[in-house]
Amino acid sequence: MSTFQIQDTVGGVVAQKPALSRIFEQKGIDYCCGGKKTLDEVCQKKGIDAQALLVTLEASLQESTEEPAVNPASMTLTDLANHIEETHHAYLRAEFPRLDMMTEKVAAVHGDHNESLHAVRQTFLALVAELQSHMMKEEQILFPMVRQIDSDEPTPASHCGTIANPIRQMEAEHDIAGSALETLNGLTNGYTPPEWACNTYRAMLDALAHLESDMHQHIHKENNVLFPRAIELENEI
Numbered sequence: 384m385s386t387f388q389i390q391d392t393v394g395g396v397v398a399q400k401p402a403l404s405r406i407f408e409q410k411g412i413d414y415c416c417g418g419k420k421t422l423d424e425v426c427q428k429k430g431i432d433a434q435a436l437l438v439t440l441e442a443s444l445q446e447s448t449e450e451p452a453v454n455p456a457s458m459t460l461t462d463l464a465n466h467i468e469e470t471h472h473a474y475l476r477a478e479f480p481r482l483d484m485m486t487e488k489v490a491a492v493h494g495d496h497n498e499s500l501h502a503v504r505q506t507f508l509a510l511v512a513e514l515q516s517h518m519m520k521e522e523q524i525l526f527p528m529v530r531q532i533d534s535d536e537p538t539p540a541s542h543c544g545t546i547a548n549p550i551r552q553m554e555a556e557h558d559i560a561g562s563a564l565e566t567l568n569g570l571t572n573g574y575t576p577p578e579w580a581c582n583t584y585r586a587m588l589d590a591l592a593h594l595e596s597d598m599h600q601h602i603h604k605e606n607n608v609l610f611p612r613a614i615e616l617e618n619e620i
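In our numbering, the protein residues as written are 384 to 620.
Note that these hints are calculated values from the structure, not bench results.
Check each hint, because a few of them may be wrong.
[Claimed, not checked] Restricting the straight-line Cα-Cα distance to at most 27 Å, the calculated cross-link-like pairs of lysine-lysine (BS3-like) are:
1) Lys410 to Lys420
2) Lys400 to Lys419
3) Lys420 to Lys400
4) Lys428 to Lys400
5) Lys520 to Lys419
6) Lys429 to Lys400
7) Lys400 to Lys410
8) Lys419 to Lys429
9) Lys428 to Lys410
10) Lys429 to Lys410
All chains should be modelled from the sequences, with the hints used to inform the complete structure.
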């Protein structure tokens, strides 16, 4: 019997077996913002044979039983919130200045040769502005609520109401970020450098590809693991 069924959600599959995110990435399947869709739904949308995908997922499990060092599904809510801040938020804050410099330089030097580089620059700047505000709201409002719910102490009344309210807002902002990443991917032809690209151009594309990959993991951990578990735990209190 297959480990997964076509009625399983994409996010649920990755939450159970994080290593399978690679399969979805290879096939262009969104497992973070689109994690609530079933395997059947995404296969119909992408024109992929659902049964063949199940076979691929199963084969991948058989090939390797190793899991990444971090399995968010096995962490407490507090530990997961801390991990997201210390790993993904820290990565973004460290990488933004570097990418800011590279996107500006590449657009200035090569923008006349490839006009899409100006759009890359503007899309990146909009994404940075969105994520900086987003991370601040998570760190100052949502994550403290998550830690409070995860503690044994009584949960004080919040001006946000239930935790589902800020979570709903964060998920909407994740969709905005996901759309920006999709735009960057399209503008750069999947982060593929043209033959004439200089080293800075190539480094920029590599950094953007890594940014997309990290953001997919980041959003997945929140949308498909942290958020639903926080809502469930609050409802049990």
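*Which of the listed hints are not met by the structure?*
Checked against the structure, no hint fails, so every one of them is satisfied.
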